[in-house]
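Engineer: Starting from the known structure of chain A, arrange chain B on it as the hints suggest.
Note that the protein sequences, when read in sequence, are chains A and B. Using the working numbering, the first residue of the first sequence is number 1, and each one after it goes up by one. Using the working numbering, the first residue of the second sequence is number 242, and each one after it goes up by one.
One thing to keep in mind: the hints can contain errors.
Claimed, not checked - Taking lysine-lysine and the DSSO-like style, the derived pairs with C-alpha atoms no more than 27 Å apart in a straight line are: (1) K269/B with K47/A; (2) K47/A with K260/B; (3) K215/A with K47/A; (4) K144/A with K451/B; (5) K260/B with K33/A; (6) K144/A with K441/B; (7) K431/B with K144/A; (8) K611/B with K457/B; (9) K215/A with K307/B; (10) K543/B with K627/B; (11) K135/A with K597/B.
Hints in this document: simulated from the structure, not taken from any laboratory.
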Amino acid sequence: MKKKCLLLGLGVIAGTLTSRAQFSIGLEGGYNKNHIITNIGFRAFTKYEPLDGFNIGIPVKYDLNNWFAIQADPQYIQKSYKIVRSSYFEGINHTNKNSYIQLPLMAHFTFGGQKLKGFLNLGGYAGYWSSSRIKGTQINTFAKEYELPDGAQTPSILDGEPGYSYNEKFTFDSRRDRRIELGVLVGTGVSYQLKPRYELFAEGRYYRGLTDQQKNYMLNQIPRYNDTYVIQVGCMYRLGK
Amino acid sequence: MLQLILGICLVSALASCRKESPQINDPKRYIEGSFSEAFEAYWNGMNNNYIFWDTDPTNWDEIYRKYQPIFAKMNINDSTDVRKSYTYFKEMTSTLIDSHYALRINSPYVQDSAAYISPSDARHQKSPDYHGNINPNFFYSTIPPKYLDKGYVRGFINLSATDQFFAVAGKIKGNILYLHFNEFSLNVIKDLPTPNNAQKALQYYFDEVKKPEGLKGIIIDVRSNGGGYLSDLDLLVGGLTDKEFPIGATRSKIGNGRLDYTPWIPATVHPGKDAKLFTGPIIVLADLNSVSMAEMTTMALKAMPGGNVKFVGERTWGGNGPLLNNNDYYNSGQFSTGFLSLVYTSSTALRYVDGKLYEGIGFPPDIEVKYNKAALDAGTDPQLEKAISLIPQ
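Only chain A is shown next, with the shape it has when bound in the complex (with noise of 0.2 Å):
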């Protein structure tokens, strides 16, 4: 049975197989606002945020005709996002910096004309969580008062006393942290042939995590999902003859 699916499989991919097929390499960037699903249970005064970053990476397309494509974007991005409280906890906030290496597999589906065209990405993604920054302020429990005038508002907390600001390396939690991360892609943009061999693109794409950054360590769990839009252009090589 595995081998019949495989064969039909291999049949559907050479059936459009055309004289075209060629490879082409490329460079791409991109600013990204990422936003992280998740919910802040009762917790009064806070709510999370999304938070810009950027991307960087090198798509490697293999062209099997004039319409169809398989991509894959071996890529460096930003994932980042902050918890910020309000009121009284006004100032009190959290950032979360991560940066991941991400390899996006997709197919590439082209239409329109010979030199400018349309294209869709459908695809999926794995990425690992390198490295994380985590930058804020809290609440400083040993902090000293302000010497404020007899019958003072204090309208924000840290209108009375300071808090504890940090910008530090993020260290990961093996018991809670998931660092593999993979999801789902869905992308289009428009391409113009500059020259015989090159290629300039611009894209907009969304990136949908759908294994939570955390470890299932405990009961009543809040997941935590990246949803990542992108803005990106780049140019395409394409080699051989």
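Structural biologist: For chain B alone, kept in the frame of chain A given last:
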């Protein structure tokens, strides 16, 4: 085209593969019409608010698996089941390291005297060295005439119907300054508008500390002191130094996960205004019943640069995580449910300057002198006598 359709179908199907996020509700918002709900409120409250999951040996998930079915079979309106629940709550919390931890059951079926559950109390009572507080009268009426020079100052004041503060201050051998007080309300007493003897006792101590040239040593006695306000640390310990110094670090929670901690935040003592560095011997007296601020003060004094502090007495209680009565500040700490009117637990964890956590362990003395009931009954104080012997004349 086939590949495009297959691709869209596959990606769409996979895109929905995410775990459902549970709804985590505020423990005090549960409507506890059953013991099932009462258990869920408490278990989830602990799951998200307890600060020591990183180091606590209690397997909280196993507690859920074992006790949720038990509570599900009980009736919250049945007096027998309510009394049974008291035993189950004791079992569930028996290995928690938080030594401030206490539960108060809110039910007419549980007598007031039995309504508190304190795992650390139960643990300490099993120890052969366990003893209760030294009688306050010993500090107030026995120590001063026997050990303090004439001219000592003592006083007490009722801060509420159930809260009495007292302090004793004086000199020993003309040049050792001694201070004992029963709780950390020093700033409160200092700021009381009506003069009183307790305030005078504290003022005597703080005035003498500002004239260190006349002193050969200081004894700060926090035995049988149940703690109090953290702000007293800078007043008392900060009064002995002219520079800020670290005593360790604290951390609280940044999210709902048991292991979602803030970074460690330095805990420091700040010098008092016009405070002078005291370089002579400082002896801190503490015992098994020195807890919370009394423990933190002992630890802070021992962390003073200069190495001129010695701790005489017994290993302290083991409850030194600072706490607030509101878990909104630190995303951790105290909460309540309908059935449990109080779940009293630390808001932050304290790591000492040596990198260790002494929560549930207690801070060890440099020189151990155990509680001696016979000696105290005879009107003598071996712990104080040892402290005095360590200050050269």
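Engineer: None of the hints should be skipped; say for each whether it holds.
Structural biologist: Hint check:
| no. | hint | verdict |
| --- | --- | --- |
| 1 | K269/B with K47/A | holds (21 Å) |
| 2 | K47/A with K260/B | holds (20 Å) |
| 3 | K215/A with K47/A | holds (22 Å) |
| 4 | K144/A with K451/B | holds (21 Å) |
| 5 | K260/B with K33/A | holds (22 Å) |
| 6 | K144/A with K441/B | holds (26 Å) |
| 7 | K431/B with K144/A | holds (18 Å) |
| 8 | K611/B with K457/B | holds (25 Å) |
| 9 | K215/A with K307/B | holds (23 Å) |
| 10 | K543/B with K627/B | holds (17 Å) |
| 11 | K135/A with K597/B | holds (25 Å) |
In terms of the numbered hints stated before, the structure departs from none.
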